[in-house]
Structure formats: structure tokens, C-alpha cells
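Engineer: Listed in order, the protein sequences are those of chains A and B.
Numbering-wise, the first sequence is residues 1 to 117 according to the numbering used here.
Numbering-wise, the second sequence is residues 1 to 113 according to the numbering used here.
Treat the hints with care, as some may be off.
Straight-line C-alpha distance at most 27 Å; calculated DSS-like pairs for lysine-lysine [claimed, not checked]: (1) K55(A) to K100(B); (2) K110(B) to K66(A); (3) K100(B) to K20(A); (4) K110(B) to K64(A); (5) K41(A) to K55(A); (6) K20(A) to K110(B); (7) K64(A) to K100(B).
What follows is a set of in silico ranges between Cβ atoms, one per label pair, in the way DEER data are often shown [stated by the list, open to error]: (8) H10(B) to L117(A): 28 to 34 Å; (9) H7(A) to S80(B): 25 to 31 Å; (10) T5(B) to E59(A): 34 to 40 Å; (11) G53(A) to G8(B): 41 to 47 Å; (12) E64(B) to D27(A): 35 to 41 Å; (13) M83(B) to P8(A): 38 to 44 Å; (14) K14(A) to S80(B): 47 to 53 Å.
These are computed hints drawn from the structure, not numbers from a lab.
All C-beta atoms, glycine included, are put in the ideal place defined by N, C-alpha and C.
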Amino acid sequence: GAVVSQHPSWVICKSGTSVKIECRSLDFQATTMFWYRQFPKQSLMLMATSNEGSKATYEQGVEKDKFLINHASLTLSTLTVTSAHPEDSSFYICSASSSGGTLGEQFFGPGTRLTVL
Amino acid sequence: AQSVTQLGSHVSVSEGALVLLRCNYSSSVPPYLFWYVQYPNQGLQLLLKYTSAATLVKGINGFEAEFKKSETSFHLTKPSAHMSDAAEYFCAAFTSGTYKYIFGTGTRLKVLA
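Given these sequences and hints, build the entire structure.
Structural biologist: This is the structure in C-alpha cells:
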């Protein structure tokens, strides 16, 4: 149980285009989802926290107009990188948490590798 | 502010030797603590977690960790390293006050044949 999927697993796009990444909780209801960014050989940096049906809360320094997050249902959250540029190339990982599960535990997706040319 | 420190960005051990990966947290309130493993181009896999029950926590793949409040530590150990243990390991802390994970900078474990 507690499986989180991400789609796509990798994507290559041209500079200036927008890319959407999906994060799904497959076997539980995720009241809260988190989006992280990981640069090569570095740790995960939290970008934003989203609760189902509410606006996402962005971490300091993360451009909300650049990284659009939607959490429209209890099983799906999307991250859209708008007008992507090469510096947005990174590994994006989502995680999901259920209010009914062990307090604090997040279940991580497999990640999406974004390369912007 | 809460923080998680992992001493040693790279650790090398011989196959069959003891694995010790260090993690210290700073928090006025003992947080929930987690160890995750990440293989290249993959997400994070939970190894074990401490949630204020037993201080010695056993996880998957033979790993265990001991929560020591007096030392604000949660070091990860495994008695005998396997080649398959080579990966990146992250320690993370969570407090209900912030409802966020704080990750350490990670430790890359290399296992030598």
C-alpha cells in the first residue's frame, strides 16, 4: 500500500514551453501533497505544499507563477513548469501524506527528470 | 530553526564491514525522524522511522537506527555492508508544528569489494 506515482518519469522540452508533471496516490487519499526539487548530488528542497481543494503554499524563493501547482482531488496533484528554461532542469519529486496515516509520514513518488534544452 | 545534519557527504566501507551513517537534528521538540535511501534516478524509499515509540528502530534490508535524545542523534547502522547498499542516504526530521520534512544533505555510501 501507500504507492505514489509520477508521470512522466522523464521529459525533455524546448526552452519557453510549459511542462506538466502529475503526481498520483494510487491506493490512498492524499490530503496533502508536497513537491520537491533535487539538483544533482544535492538534497531535496521543498518547493510547495498543497492541500486538496486549496491553494498551494510556496516556500520562500519559489516563484508561484513559474511553478503552478494544482491539487484538485485527493489522489492527484500537478506541477506545471511554465515557460521553462535550462535552469529549471532538475529532478522533481512529489510526496503524499494522508491524515489517516502515521502522523508525518510522507510517501514519495519515483521522481520526474526534466531537461530543458 | 530546525535543521538536520548528516556528517560525511561520502562514506566508503568494505563489503561485509559495519555501516555507520550519522544524523543529528536540532529541535526543541524531539521530532519524528526518518531514514530514506535513494538509488540513481529514483525516488526515496523509506528505510525506517522513529515516531516516539522504541528508541531502537529496525528497518528494511538489515538497517537499524537508534534515537538518542541526549545526543540529538539518529545514526543509521548495518552490521555487514552489501554491494547493493551503495546509494544515497537521507535523514529527515518532521515536526507537527511545521508539518514539513527537513532533509539532511545526504550521504553517499560506497561499498568496496
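Engineer: Evaluate each hint against the coordinates.
Structural biologist: Going through the hints against the structure:
| no. | hint | result |
| --- | --- | --- |
| 1 | K55(A) to K100(B) | 17 Å, holds |
| 2 | K110(B) to K66(A) | 37 Å, violated |
| 3 | K100(B) to K20(A) | 24 Å, holds |
| 4 | K110(B) to K64(A) | 38 Å, violated |
| 5 | K41(A) to K55(A) | 31 Å, violated |
| 6 | K20(A) to K110(B) | 35 Å, violated |
| 7 | K64(A) to K100(B) | 18 Å, holds |
| 8 | H10(B) to L117(A): 28 to 34 Å | 31 Å, holds |
| 9 | H7(A) to S80(B): 25 to 31 Å | 38 Å, violated |
| 10 | T5(B) to E59(A): 34 to 40 Å | 20 Å, violated |
| 11 | G53(A) to G8(B): 41 to 47 Å | 43 Å, holds |
| 12 | E64(B) to D27(A): 35 to 41 Å | 28 Å, violated |
| 13 | M83(B) to P8(A): 38 to 44 Å | 31 Å, violated |
| 14 | K14(A) to S80(B): 47 to 53 Å | 49 Å, holds |
Checked against the numbered hints above, the structure violates hints 2, 4, 5, 6, 9, 10, 12, 13; every other hint is satisfied.
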